[in-house]
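Spelled out from the first residue to the last, the chains are:
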Amino acid sequence: MRSKTFWQAYARNKAARFGLVIMILVVVLGLFAGVLFPASPWDMVNAPFLPPLSDGALLGTDTLGRDIAAGIAYGARVSLLIGMTSTAVAVVVGVTLGALAGFFGGWVDDALMRFTELFQTIPNFVLTVVLVAIFTPSQRSIISAIAIVSWPPLARLARAEFMSLRSREFVQAAMTTGQSNMAIIFREILPNSLSPLIVSASLMVATAVLLESSLSFLGLGDPNAMSWGYMIGSARTVIRQAWWMSFFPGLAILLTVLALNLIGEGLNDALNPRLSRQGKA
Amino acid sequence: MAGLARFFGGRLIKAVAILFAIVVMNFLLVHAAPGDPATVMAGEAGAGDAQFVAQLREQFGLDRPLVVQLGTYIGHVSTGDLGFSYRQQKPVWELLVQRLPATLVLTASAFALALVLGIGLGTLAAVHAGTLRDGAITVLALLAYATPIYWIGLMLILLFSVRLGWLPAFGYETVGAGLTGIAHLADIAKHMVLPVATLGLFYMAVYARLTRASIQEVRDMDFVKTARAKGLRESTVVFRHILRNAILPVITVAGVQAGQLIGGSILIETVFAWPGIGRLAFEAVLQRDYQVLLGIFFISSVMVIVFNIVTDLIYSLIDPRIDLAS
Numbered sequence: 001m002r003s004k005t006f007w008q009a010y011a012r013n014k015a016a017r018f019g020l021v022i023m024i025l026v027v028v029l030g031l032f033a034g035v036l037f038p039a040s041p042w043d044m045v046n047a048p049f050l051p052p053l054s055d056g057a058l059l060g061t062d063t064l065g066r067d068i069a070a071g072i073a074y075g076a077r078v079s080l081l082i083g084m085t086s087t088a089v090a091v092v093v094g095v096t097l098g099a100l101a102g103f104f105g106g107w108v109d110d111a112l113m114r115f116t117e118l119f120q121t122i123p124n125f126v127l128t129v130v131l132v133a134i135f136t137p138s139q140r141s142i143i144s145a146i147a148i149v150s151w152p153p154l155a156r157l158a159r160a161e162f163m164s165l166r167s168r169e170f171v172q173a174a175m176t177t178g179q180s181n182m183a184i185i186f187r188e189i190l191p192n193s194l195s196p197l198i199v200s201a202s203l204m205v206a207t208a209v210l211l212e213s214s215l216s217f218l219g220l221g222d223p224n225a226m227s228w229g230y231m232i233g234s235a236r237t238v239i240r241q242a243w244w245m246s247f248f249p250g251l252a253i254l255l256t257v258l259a260l261n262l263i264g265e266g267l268n269d270a271l272n273p274r275l276s277r278q279g280k281a
Numbered sequence: 282m283a284g285l286a287r288f289f290g291g292r293l294i295k296a297v298a299i300l301f302a303i304v305v306m307n308f309l310l311v312h313a314a315p316g317d318p319a320t321v322m323a324g325e326a327g328a329g330d331a332q333f334v335a336q337l338r339e340q341f342g343l344d345r346p347l348v349v350q351l352g353t354y355i356g357h358v359s360t361g362d363l364g365f366s367y368r369q370q371k372p373v374w375e376l377l378v379q380r381l382p383a384t385l386v387l388t389a390s391a392f393a394l395a396l397v398l399g400i401g402l403g404t405l406a407a408v409h410a411g412t413l414r415d416g417a418i419t420v421l422a423l424l425a426y427a428t429p430i431y432w433i434g435l436m437l438i439l440l441f442s443v444r445l446g447w448l449p450a451f452g453y454e455t456v457g458a459g460l461t462g463i464a465h466l467a468d469i470a471k472h473m474v475l476p477v478a479t480l481g482l483f484y485m486a487v488y489a490r491l492t493r494a495s496i497q498e499v500r501d502m503d504f505v506k507t508a509r510a511k512g513l514r515e516s517t518v519v520f521r522h523i524l525r526n527a528i529l530p531v532i533t534v535a536g537v538q539a540g541q542l543i544g545g546s547i548l549i550e551t552v553f554a555w556p557g558i559g560r561l562a563f564e565a566v567l568q569r570d571y572q573v574l575l576g577i578f579f580i581s582s583v584m585v586i587v588f589n590i591v592t593d594l595i596y597s598l599i600d601p602r603i604d605l606a607s
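Top to bottom, those sequences are chains A and B. The opening position of the first sequence corresponds to residue 1 in my numbering, with each subsequent residue numbered one higher. The opening position of the second sequence corresponds to residue 282 in my numbering, with each subsequent residue numbered one higher.
It should be emphasised that the hints constitute simulated quantities derived from the structure, not laboratory data. Given the structure is predicted, the values throughout are model-derived calculations rather than measurements. Fair warning: there could be bad hints in the mix.
[As the list claims (entries may be wrong)] Pairwise CB distance ranges, derived in the manner of DEER restraints:
1) A:Thr96 with B:Ala313: 18 to 26 Å
2) B:Ala494 with A:Pro191: 23 to 31 Å
3) A:Pro223 with B:Asp362: 27 to 35 Å
4) A:Ala47 with B:Leu351: 29 to 37 Å
5) A:Ala160 with B:His312: 34 to 42 Å
[What the hints assert, rightly or not] Looking from chain B toward chain A, a few residues come up when the C-beta cut is under 10 Å (computed):
6) Ala314
7) Pro315
8) Leu423
9) Trp432
10) Ile438
11) Leu445
12) Ala562
13) Arg569
14) Leu574
15) Ser582
16) Asn589
17) Val591
18) Thr592
19) Leu594
20) Ser597
Idealized CB from N, CA, C, for every residue including glycine.
Model the full assembly from the supplied sequences, consistent with the hints where possible.
Printed below as a string of structure tokens:
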């Protein structure tokens, strides 16, 4: 990838630049949460029900006197960590299955696509809820559950890419020179199908962040980590008295997911220039 | 008519296959869960009752080989026996049937609202591409796409119930009002506004973006030029020629996403205390009532399959070239 033209293409999209700035802020907030807020986000640091802009609590405190701003900073860690990890797992699973289906075709393709179809029919969110509830909420069960419902679109995409690339001349040439299937898959086809995969993976992180927040909203978050969804879920019943407890964490989710979506679109513009120019009238 | 019968026949076989896979998955989940299958089935509340656990062990033959157990389990499910909720002291099936209508009303209304508004706004944006109106619709869709729906629900409650006092925030009717007839229906409708709007909003955004993109692709095709050259009115060109062709991918995606709509109802029903399957799921999560949760997973899969068949039917109505039987 010629990085200079890549950045030029990316930066041409104003919204994508905006997304990147927000994302950097969220990452910095997550990384330096411990420096900005040395106390644990679970500690009662102030009087409960303090409205925003109170002394010592910029965004107010919750029903137990915990600092909302601290919760948001520590929550950024959880959201990004789970969003990225579960996407990484989903990418590995989805691309592997899709690559096998697209490369080998025939009954392998049939079987794998049936399997994928099954997972696409199943109501996603219900399955994540069931999985996390049964395997008890932990970082590991949440990441696995999100990955399990997220891989099918990637498998389909990878399959389509592999199917079309496999009949191209450079792949045929590699085959005639007697390269192994593994070498062809990893050295010839995969590098050439990366750009659409990167774009959808970046959009998938956004979905994963939303999923994680929904799980913790329902009380299925990692009980050891403060997360945005948990903050909203526990403030839900006092919405009449204290809007700020659910407002700010929600805003954090909104901005993060929006930023990830904008970055995804920017990547799309930069990596698939032909497609994106057509899309804009 | 024969085509229709064959369509339903084929769909039924596929549906049964998918449901079978889901039942097997449920079975495996119970066995893969940490702890003894009988205590998992009993749920946190029932696990303390030794007699109930022993009864479950007996009923599902939990000391026999796994394959036999699977057979017993499938036998139970195929007769509509989805287990017994110890906590609620009711068969799971009964609980589900009780809660199903509320969820169906909620999701179907939200789905219809999202489709109509989404396609409408998407068309508006595409027709006025590049103008302020297009920009506004695009930004709105982008925001709706990025906002957690439960949070939108809470914010709408804050605005319309707490601040303005226009709409009720919880439940599906005014408790103890003793309303009948039209007044009762109006009361329910009032309670529906916020949950339906919240659930529909996200999907409206999805459909609006899709419609806009789809119209962009179709608008310069030859048949559209022909229609214009014939001197047809602009509205006829847009609705009868462009939209009718552009709408197909939207409906395909809508069908695929029906499942997510039902998942979303867990969140919406939790926020608005809507007495449906989703609320039941939330209660089951709190009480670790796994039998109920697995039953919900089963019934929501059935709902997805039904939604998919309905969208296929809509598809064939819009595009008569599609032969349902094939």
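The hints, checked one at a time:
{"no.": "1", "hint": "A:Thr96 with B:Ala313: 18 to 26 Å", "result": "22 Å, holds"}
{"no.": "2", "hint": "B:Ala494 with A:Pro191: 23 to 31 Å", "result": "28 Å, holds"}
{"no.": "3", "hint": "A:Pro223 with B:Asp362: 27 to 35 Å", "result": "34 Å, holds"}
{"no.": "4", "hint": "A:Ala47 with B:Leu351: 29 to 37 Å", "result": "56 Å, violated"}
{"no.": "5", "hint": "A:Ala160 with B:His312: 34 to 42 Å", "result": "36 Å, holds"}
{"no.": "6", "hint": "Ala314", "result": "5 Å, holds"}
{"no.": "7", "hint": "Pro315", "result": "7 Å, holds"}
{"no.": "8", "hint": "Leu423", "result": "7 Å, holds"}
{"no.": "9", "hint": "Trp432", "result": "4 Å, holds"}
{"no.": "10", "hint": "Ile438", "result": "6 Å, holds"}
{"no.": "11", "hint": "Leu445", "result": "13 Å, violated"}
{"no.": "12", "hint": "Ala562", "result": "6 Å, holds"}
{"no.": "13", "hint": "Arg569", "result": "7 Å, holds"}
{"no.": "14", "hint": "Leu574", "result": "5 Å, holds"}
{"no.": "15", "hint": "Ser582", "result": "6 Å, holds"}
{"no.": "16", "hint": "Asn589", "result": "7 Å, holds"}
{"no.": "17", "hint": "Val591", "result": "14 Å, violated"}
{"no.": "18", "hint": "Thr592", "result": "13 Å, violated"}
{"no.": "19", "hint": "Leu594", "result": "17 Å, violated"}
{"no.": "20", "hint": "Ser597", "result": "20 Å, violated"}
Of the numbered hints given earlier, the model fails hints 4, 11, 17, 18, 19, 20; all others are met.
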